[in-house]
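Enquirer: So you can see what is in the structure, the chains are spelled out below.
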Amino acid sequence: MKQPPPQPHESAIALTRRGFLGALAGSAATATVGAAPAPPSRSNPYEYKVDHLFKTDPKHLLYDTHGTLRLPVSDGRRVAVGPENQIWVSAGKTLLIFTSGLEKLREIQALDVIRALAVDADGTVYVAVKDHVEVFDPQGRRREPWNIPAANTWFTGIAVAEKDVFAADARNRVVLRYDKSGRLLGRLGEKDTSRKIPGLIVPSPFLDVEVAPDGLLRVTNPGRHLVETYTFDGSLVGSWGKTSMGVEGFCGCCNPINIAMLSDGRCITCEKGIPRVKRYSAKGEFEGVVVGPESFPEGLRTGAVFNKWDGSMAGVDAATDRQGRVLVLDQASNTLRIMVPKKPAATT
Amino acid sequence: MRETARTAAMAGLGVLVGGIALKTGASHTVWQIDPYKCSWCGLCATACVLQPSAVKCVQIYPMCGYCKLCTGYFEPEPNALNTAAENQLCPTGAIKRRALEDPYFEYSIEEELCIGCAKCVKGCTLFGNGSFHLQIRHDRCVNCNECSIAVVCPAQAISRVPADQPYKFKSREHHA
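Those sequence lines, one after another, are chains A and B.
Positions in the first sequence are counted from 1; adding 7 to them yields our numbering.
Positions in the second sequence are counted from 1; adding 27 to them yields our numbering.
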């Protein structure tokens with residue numbers, strides 16, 4: 008069968024340079040798409056399913072957000088309450104002091120990154136940096152820093168009592184007791200079978216200490232998922248806490264990371280992994296949630312900002328004031344939020 | 028004058044081409060995962076041209092907490108903290124658990140069994156110290172011209188690195 012002769016218009020297409028290059032690019036693109044293997048399915052047969060843990064049952068939520076403040080200085084890390092309900096926040100090397108209504112009053116510069124702070128009743132502030140303690144008088148003037156013997160110290164918590172200061176050293180798994188001049192008086196929390204003290208377990212750089220209204224200390228034991236009660240001379244009085252991913256327990260390898268005490272002896276706990284702030288009775292019974300994981304930014308929930316091993320591992324800190332409010336500092340978003348107890352529903 | 032300009036242009040072009048060739052030449056570079064970008068999506072286990080994958084979990088011991096409840100070893104809510112298969116997170120049992128001084132345990136990876144699925148990496152990073160992470164093992168990787176995992180990696184965590192520095196391990200020093 009004879010092929011029909013080509014028509015004049017078919018053989019005489021005027022192919023411009025631009026048209027030729029366009030056609031060439033198009034052909035190449037088509038060829039590439041055609042030759043490329045089909046992308047594999049994005050479904051993950053090995054998925055680690057924990058999404059359900061990052062949601063709080065509304066019945067557990069005890070608090071409402073009363074106010075928030077984006078910190079004016081980066082690297083917000085710790086929060087404490089001082090005289091006149093002033094709110095003290097550490098951010099990098101800076102101490103920020105606010106009124107209870109979040110109006111900024113002043114700021115103080117420390118010599119190194121602040122890892123913990125405690126404010127005395129007279130306004131003296133004790134600041135734990137990595138390996139020593141700085142002290143500022145009520146006017147913000149720096150006193151002579153305490154001389155801490157070199158022992159790879161890594162302070163992550165500090166608390167002040169009437170005559171004593173307690174500094175939690177995460178690296179050496181011990182709470183050091185000082186007088187207010189910086190003289191070492193004792194060591195708490197170390198394993199001692201004769202005193203029936205199992206010892207602090209601190210897998211990650213979080214160890215916190217608080218002075219409770221009952222005149223005893225509360226010390227986190229994150230590797231055992233406990234909050235322990237000690238006398239000032241180091242006797243272990245008791246402990247509470249439960250290992251669980253569930254809301255009533257402490258999740259992951261090591262929690263709680265930080266604690267705060269309410270004036271009636273109830274305890275506020277902060278967790279990493281599943282970032283959440285919760286309230287427990289003075290006996291350690293779970294009462295409810297102050298801030299649930301869904302309220303924290305994605306980076307804190309997915310762990311994207313966890314990749315720091317210098318004690319700045321993203322986490323959450325909390326403090327309480329005399330009005331019963333809970334101040335929650337979220338390192339990932341560098342935000343302080345004031346949480347107030349929910350008002351009971353009106354009954355008819 | 029024109030000849031000089033042409034020579035200079037050719038020399039410049041030569042340097043440019045040479046630089047690109049050096050940078051992209053497969054013989055001088057290998058594929059590797061940036062552990063700080065990895066999002067533990069699981070595709071390393073299924074997208075590699077090798078089965079099992081050339082991607083393996085590595086354990087950075089100085090970063091490990093030696094936890095009794097290792098969240099890279101145990102299911103999120105295990106029945107008990109023992110080595111029963113039902114409690115283990117790893118689908119192939121590639122993580123070995125060894126008791127040390129109470130209450131510490133050592134966790135190590137048996138690479139022959141590891142398929143690079145990153146379940147343990149996600150568990151360790153979300154709830155632990157993040158000492159587990161993925162790396163492409165160069166005794167297995169065939170160094171494809173186009174890495175099929177890199178193509179699908181949602182975090183774009185895989186790139187070519189110099190062959191004389193073929194690994195990107197996490198380290199405490201990096202963080203400190």
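These are computed hints drawn from the structure, not numbers from a lab.
Possibly wrong hints are sitting among the right ones.
As the list claims (entries may be wrong) - Pairwise CB distance ranges, derived in the manner of DEER restraints:
| hint | chain 1 | residue 1 | chain 2 | residue 2 | range |
| --- | --- | --- | --- | --- | --- |
| 1 | A | D171 | B | D166 | 54 to 64 Å |
| 2 | A | E54 | B | E133 | 44 to 54 Å |
| 3 | A | D171 | B | E133 | 33 to 43 Å |
| 4 | B | D129 | A | D240 | 17 to 27 Å |
| 5 | B | P189 | A | E54 | 29 to 39 Å |
| 6 | B | A107 | A | G245 | 22 to 32 Å |
| 7 | B | I87 | A | E305 | 42 to 52 Å |
| 8 | B | Y131 | A | E305 | 31 to 41 Å |
| 9 | B | A111 | A | G74 | 44 to 54 Å |
| 10 | B | N106 | A | P351 | 35 to 45 Å |
| 11 | B | P181 | A | T72 | 49 to 59 Å |
| 12 | A | S242 | B | F196 | 42 to 52 Å |
| 13 | B | E138 | A | D129 | 36 to 46 Å |
| 14 | A | K350 | B | D61 | 19 to 29 Å |
Since the model is a prediction, treat every value here as computed from it, not as a measurement.
Every residue, glycine too, gets a C-beta built ideally from N, C-alpha and C.
Enquirer: Kindly indicate which numbered hints from before are broken by the structure, ordering the numbers from low to high.
Expert: 2, 7, 11, 13, 14
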